Every structure is written in C-alpha cells, then in structure tokens.
Amino acid sequence: MAWFESAGLSLIVFLPAAGALALFALPKAREDAQKWLALLTTGLTAVLAVAVAANFNYGSSEKFQFEVSESWIPAIGARYHIGIDGISLPLLVLSAVVTVLAVIYSWDHWEEPRNVRGFLALILLLATGMNGTFVALDLVLFFIFFELVLLPMYFMIGIWGDSAKRRIPVLGRTVTMRLYAAIKFFLFTLFGSAFMLLGFLALYFRSGDFLGNNTFDIPTLIALGSQNAFGSGTFAFLVFGAMFLGFAVKVPMWPFHTWLPDAHTAAPTVGSVLLAAILLKLGSYAFLRISIPILPDMAREWAPFIGLLAVIGIIYGSLACLAQTDVKRLIAFSSVGHMGFVMLGIATMTDVGFNASLIGMVAHGLITGLLFFLAGSMHHRYHTREIARLGGNQKLMPWMGGILAFTAMASLGLPGLAGFWGEFMSLLGAYRPLAGLSLSQFQTYMVIGAIGTVLTAGYMLWMLQRVNLGEPKAEWSGHEFNDVGTTEWLAWAPLIVAIVAIGVYPRIVLGATTDAVVNLARTAFGG
Amino acid sequence: MDLDYHALAPELVVAATILVVLGLDVVLPRPRKYWTAFAGVLGLALAAVPLLTLAFGDGPETRSMLGGAYVVDGFALVLKAVFIVGGYLVLLMSVSFIESDRYYQGEYYLLMLTSILGSLVMASSRDLITLFVGLELVTGPLFLLAGWRKGDAKSNEASLKFFILGVLSTAILLYGMSFLYGLTGSVTFEGIREAAPDLLDSGAFRLAVLFTLVGFGFKVTAVPFHFWAPDTYEGAPTPVTAYLSVGSKAAGFVGLLLLCYKALPSVTEIWGPALWVLAALSMTLGNLTALRQDNVVRMLAYSSIAQGGFILVPFAAAAVSSDAAVIQEAASATIVYVIIYAFMNLGAFGVVIAGARRTGSTMIDDWAGMWRYAPRLAVLGAMFFFSLAGIPPLAGWYAKFAMFLSILRPGNAWTTALAVIAAVNAVIALVYYARIGKTMWMDHVPEGADRSAVATRPLTGSLALALGISALFVVVAGILPFEFAGVFADLAKVVTTGI
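Protein sequence lines correspond, in order, to chains F and E.
Going by my numbering, the residue at position 344 of the first sequence is 344; the numbering climbs one at a time, nothing skipped.
Going by my numbering, the residue at position 285 of the second sequence is 285; the numbering climbs one at a time, nothing skipped.
These are computed hints drawn from the structure, not numbers from a lab.
As the structure is a prediction and not an experimental result, all values here were calculated from the model.
Check each hint, because a few of them may be wrong.
[What the hints assert, rightly or not] To give an idea of the interface, some chain E residues facing chain F are shown, with a C-beta separation under 8 Å as derived from the structure:
1. Phe97
2. Tyr175
3. Val267
4. Ile391
5. Pro392
6. Val445
We put the CB at the ideal spot given by N, CA and C, even for glycine.
Using the sequences plus the hints, can you model the full thing?
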C-alpha cells in the first residue's frame, strides 16, 4: 500500500476540488447526476479518510504520518508538505464525514435559488479547503487552505442564505441578513488572517537566524520552538499576537465572535452545519498546531488571557442564548459557549486540557452539526424558527422531537454522550494548569466554567421545553407534518451513533490524541 | 554605430505593423476598415516571435547597444513580453468595442500600437533620454485615445484633463532629469549611479531626484498625483482605460524601477521615505475613495490607485537595506505584482466591457443578479475581482504575499509599520471588490429592467479570447506560482546588478 501512504492525503484534499470541476462537465439540467457525482466524490473522500485512520499507527501518534514533502515554490522555500498526526487525524475524519452527510442532506433540501450544481460545487470546494488545512505542514500551504474556505462560504451564505431583513443598530439601517452576514464573515476572517500572515512571515524570517535558511516548514519550526528559539521578547509577543488575531477570529473567541451568530443564522442549513462543525475548528486547531508548539513561552504568557476570554465566552454565550427567540440563533450562540470550553482547555497548556479541547472540538462538530440540521429541518416544516410559535414538537413529530431532545442533552454535556468529555476534561485541566500559571486564577476560571455548564443546561432545557413539550400551538392544528425523512435519517444516524459511541467510549478520539498532546505538552513546556 | 537587429526585432515588427495599419487605413474603403484591426492584432502577435528567439536562442544574455543606452536583457525581455501580451489583450478587447463606434478605426489601432511601442522602448532604456522618449511615446497617443468619443463631453474632459496634467508631469520630470544630468554630468544610469554618492549633500540633487519621482508619480497615479485618473478613466473608451490602468501604468513602474535601482541605488535616503509616503497614501486614500463609488469604472480607477500603492511598498523595503538579497527581493516583488496585476486588471476590464454590452450600463447596481442571465460572465467577474482582492487560490494572493514578504524582511520599525498599513488596506479593499461579486451573484435582477433592447451577446469572439487568456493566467499563477517566482527572482538579479 505504498501508493496509499504517499497519495492518500493528497487525494483526500484534492478529490473534492476535482469533483467540483467535474460537476460543470455535467449538463445543468441533470440534477440527479450532479448529486450522485457529489456523493461519490465526498463518499470516496470519507472512505479514504477512514482508511487513513485505519492504517494510522496509533503507537506513535505524536509523529507525522502519511507525510509528503514536495517542492512547491522554491523561490521562497515553501513546500507542499502534508502529513497527519494524532491531533489532526480526528478532525480530518470529522471533516470528511460531515461533508458526505451534508451532501446527503442536500439531496432533497434546497433553498432558493435552487442551482443544485453551484451549491454542490461550493460544498466540494469547502471540503478541499477544510481537509487541506488539517493536513498542511507548511505555513504558506496552511494559509492558502485556511483562506480557501472563505470564498465558497461567502457565496453560500450570500446566495442561498436567509433573506429576512433586520435592523442593525450600529449601522443605523436595515439590511438583508444573508448579504450582511456574508460580508461580515468574510471581512472578520480576512482581517484576522491578514495579521496571521504577517505573523507567519515574521517567523519565516526569524527562522533564518537559527537555520541559515528561512523556512515555512511547520515541523522544523516546532523543533525550533521546542528549544525556545523565538524567545519571549517583543518579537515573540507580536508574532503570537498577530497569529492570535487570525485564529481567535476563526474560533471565534469573545469579543471577536460577533460575525458568528449572524453567519450561522443567515447561512443555509448545510452552510451552518459546515461552519459550526468544521470551520470553527480551523482556528482552535491552529492554536495546537502552530501557536503553542512554535512559541511555547508566549503561549504560557498569554494563557491567562486566553483563559479569561474563554470563560467570558462561556458565560456570555450562555446568557445570550437565554435571550434568543430564534432557534437557529440560539444554537449559534451556544457555539460561542462551547468553543469557550475548547479554548479553556487549550489555555491550561496541559495535556489534559489539550485532550479536552480536541475531544470538545469533535463533539461540538457532531452535536452542533446535528442541531443545525434539526433547526433546518424544522424550519423547512414550520416555515418559522420563532421559539414562541413552536411548541408540542414532540407530539407533532415524535422522531424529530426525540432526536432534538437527544441532541440537546448531548449539547448540555450529559454524561454518557460526547459533549460531556470536552466540558468535564477542560474543567479538570483548569483545576491543575501548567506549572507556573496562577493556580487560583485558573481555579476561578474552573468555577466560572462550571457555572457555565449549569447555564448551558438551563438554556438548552428551557429551549427544549418551549419547542418540544406542551401542546402544539393553535396555528398548527390541521397541519400534517412529515416526520424525519429518509435522507434526514441517512444524514443524521451516523452523527447520533458517533455521539453515543464517543460518549460511552471516548478512547475513539483520545486513543489517537493522547500520545500526541502529551508529546506536545512535553516538547513545548518540558515535562 | 552597429545595431543588433535581432535584439531590436520586436520593436521593428511593431513599427512595421504601425506602418501597415497606416497604409491600410488610407487604402481601404470605410466598410472594410476592420482589416486594420486584423493587421494590428496579427502584427503584435508576430512581435512576440523574436522575443521567444531572443529569450531561448543561443545568443548572448545581454545585448547592449548605443553605448549602453539601449539594453536587451532578461528584465527587458520579460517586461516586453508583458507589454506585448497586455497590449494584445487590449487590442482584442477593442475590436468589438471600436467597431460599434464605426469611425476612425485605423487611427485607433495606429495610436494604440504606437503607445505599446513606447513601452517596449522603455523596458530597454538605460539612459534618461531613451527613458524619456519611451515614456512620451507611451503617453502621447493616449492623450488622443482618451478623447476618442468626440461627441461625448465626458470623453473630451477626460482627454483634456489627462493632457494638461500629463504635460505638467512631463515638464516636472524633464526639469528633474535636466538637473540630474547637470549635476552628475551623465545621462546614462551607470554614470548617474557612479556620481550620485558624492552629491548626497547637494540640495539641488535632492530636488532633482524628488522632481523625477513626482513626474513618475503622475504616471503611476500615486496619491497625491492621482486626481486626473478617475475622470480620465471614466470618460475614455473602456479599452483605453484598461490600457491606461495597466500598460501605461506598468510602463511608469518600469521607469521607476530603472531609476531607483539602476540609477539611484546609493541615495535611498532620498527616495525611500518619499516612496514610503506615496505608497501609504495611495493605498489608503485609493481604497477609501473606491469604497464610495457606484460606477464600476470609477471604482476600478480608485482601486488601481490603491493597487499602485501596493506595488510601491517594496521600494520602501529596498530603501532601508544595503543587503543585496533584500533589495533583489524587493525588486522581484514589484515585478511580480506588476505582472499579476496586469492580467487580473485587464480581466476585470474585460468583464466591464462585456457587462456594459450586456446591460448597457457601468453602474454597479445595474449589474444586479447578472448570474441569472449571464452566468459565465458572472463567474469571470467574481474571479477577477476576488483575485484583485488577493483571495487565494487566485493569482492576486501571490502578488500580495510577495509584497508582504519583501516589506517584512528588513525587520525595521518603519517597514513593519508599512506592512501593517498594507494589511489593513488589503482588508478594506475586499469590501468594494466583494461588492461586485455580491451584486452579480446575490442581488435580484432590478425590477422592470428591459434587457432585450441591449441584450446583445456579451462576449464576442475576441473578447472571450482576451478573458480566457487572463482567466487562465489568474488561475494557474495562483495555484502554481513557483514557475513565475523563479523567473522573477532571476529578473530581480538583472535589475539590481551592480548595486
């Protein structure tokens, strides 16, 4: 299987893009053929990703495997260097699988204007960007893939998004949500990544002082970082800050989160799912892959600050959820809270915390992805997302209600389901942060985080009560509602199974990540 | 005086084409004037042949003549290739546009080719006089071309404004050059380079350098010497505007490159800060003004001012360093940016021409929902405008990347500050570039719009060819920039040898 070792990851990255091109070879009217082609390419990509996971050597998950390093832009020493380790493997599999589910769900859920071919092509392009980010081991390559997701998502939100009008107090005028959300998403992310790029370039130049020649190569820079080559002076501070801007906007951390509720709410269902499940992870993953191992001293210095923003995010997200009247917006704000837990785990700078953040990322991808699917399907049936108008969902659609209840439980961190581990372990990590960090400070964060879990349970149960329980509102009497349909079952069943499986047996994720994060914590902080 | 006719072949072919076009225009009856277009397009394509034989043939790498005043080396060849391909694209775009005007076709191609000839001369010039002659050959015909639509008051205004300010800038430039000659006693770049270090304390010399810079500042529409550009761009026929914003602007940058790196590398303390300021102002003011435009041509005018600022950024990096590698990287970044910018901006203008044919308007709002009735055009539009914004994987990203790479290399507080200004501007620029994408893809077709009256096919054969070539470049150079990057690095060595 030598070919698979060398070409497997590249196929996972570029197969979707090739599929996107191939879509345009099909006639516009042949929508069925287009759907099958998209399913085939994403399905094959997911099979390859699973095959990579199956052939992955878990005994040495801290090492990069399936590595490929080819010359790409020799003039600046940027290489086509890809590979995968225990940190990126779960995220790559998550990304490949969720993309297939998105295509399956799209089968009979189309928003206006229909244009099946265009929509599928955007999903496929997104997949290339997302998968590529998780395997890139060169800063320039990482930057390209990181930015590649912007255009498809911009068009997805802007064309197929929600056309509702909404008054924006800051702008002082009424805007169409999809247009406003699309450009806001684009601008926020580009603002962050412009500074991220400056940070990357600064690392590139400084690396030349130690190596003789400049490099964008992430493993080489990590090796430099483990010797604290970049130090803890102004240079490292500025570089960390520049990259922090880029990653924190993507996560998003409070106070950079304001694009998220708009984008998630306005995006078409599949767009929200991919945004929540995968795109947010690009930011938190980048902390683990780039910021912390390359600038460990700075990471330690910034940790209390990151932790502070994280717990503010947790509390702020939960409180904002309590105030929402729109199901989808509520789920969007819940993401701010959940990503707060992920970032709190990272801020502890311990292996436990890193593990917490990784399993938290996977769990959030599965659970919030499913929640957005549900919100989309309910909107499809009720033609409204107003919580006040819903009610008695359990009676009208028993299966839909059941799955919603299940997912909400998973989201609030019920033990036995996937969401539990991320929250629990990140609080655990905060109890005992990296030596040298203020114990009392992080334990305060832990207490605040714990209050956050209570609030999370509060808003989730309250939402469930208002949407699912009680009697259906009078306006729905006489309506016939179709319960969960075939494509919905096909798209959701894998998520439900995975949520239970990871909840019961977290080693599915931790088995891959543990060695890698232990190694990360050790090389970065020694011990 | 021995001339190397092989080295001069591209210029000779273009000159011959000009004569042929002139002859045909005299001989042919009016309904057959379109043959002049054929002759022009064909002649320009032929001019590319000797370029290839020069580049890949056996002869010497550097062919110098006229006492070193005229040199054909790698730098000149690649820029000539850009000018010829760019000119070719503009001619292709002109064919249907000028045909629809029905008059003075012959003169149009004659003047356009003359201007292209001027840019070829500039790329080879290595002394002040040749540089000046080349520059005037580029600009002179454009005064006439800007006023092409004689019946249109805006076109007249465009031409007049361009002419008056163009002549003013020429006067300033020439004044500066005369001082340079007077103080250094030499018109060749080499002579100036040798004499310059001793003159550093001379106030007259500083003034001479600054005057020359101001002269070029007009040509590359750097703020605050930009105010002629938006009106001229808007009033001139669109293909002429495309040429103004790419061909003549690139020629200006070539002049600036030669002057700064070849003639004045030892006095960076004079031109470095000046260009720093021009770059920062051009980026910021160009962008902020572009935000408020409703006409796509005016928007492109301000956007090209801002892009000009980005192109100037690497000069500031070269100015603070004495390290040959840094200077080379800066020169290379400018060349990379100019070339990539040429293709993506020409593509954007091609889209504007096609869009105006289809909708009868260059107001951005009139293009709403274009993807419903012209999907291919909408795809191309999104491609070129997002490439201008620098979004990967379209070629624009590499131009910006190379620019950031060069400006961060010196690690000096001033250059880093400029990098931050550039980064913020890159984000601002997205707002107006994305607006075109938004309008074409996300807005609804305006109610009551009567498309049938103007609904000619948006793409004629020649326009489609021009757009196809630009699109191919924008995609390939974006995904595989290494092929270009290597060439550029070599070029930069050629430019900066002797420093």
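These are the hints, each one checked on the structure:
Hint status for Phe97(E) relative to chain F: violated, with the closest Cβ pair at about 29 Å, above 8 Å. Residue-level restraint check for Tyr175(E) is violated (minimum Cβ-Cβ distance to chain F is 40 Å; threshold 8 Å). Because the closest C-beta pair between Val267(E) and chain F is about 26 Å apart, greater than 8 Å, the hint is violated. At its closest, the beta carbon of Ile391(E) sits 6 Å from a beta carbon of chain F; the interface hint therefore holds under the 8 Å criterion.
Interface hint status for Pro392(E): upheld, as the beta-carbon distance to the closest one in chain F is roughly 5 Å, under 8 Å. Nearest Cβ of chain F to the Cβ of Val445(E): about 11 Å, over the 8 Å cut. The hint is violated.
Checked against the numbered hints given earlier, the structure breaks hints 1, 2, 3 and 6 and satisfies all the rest.
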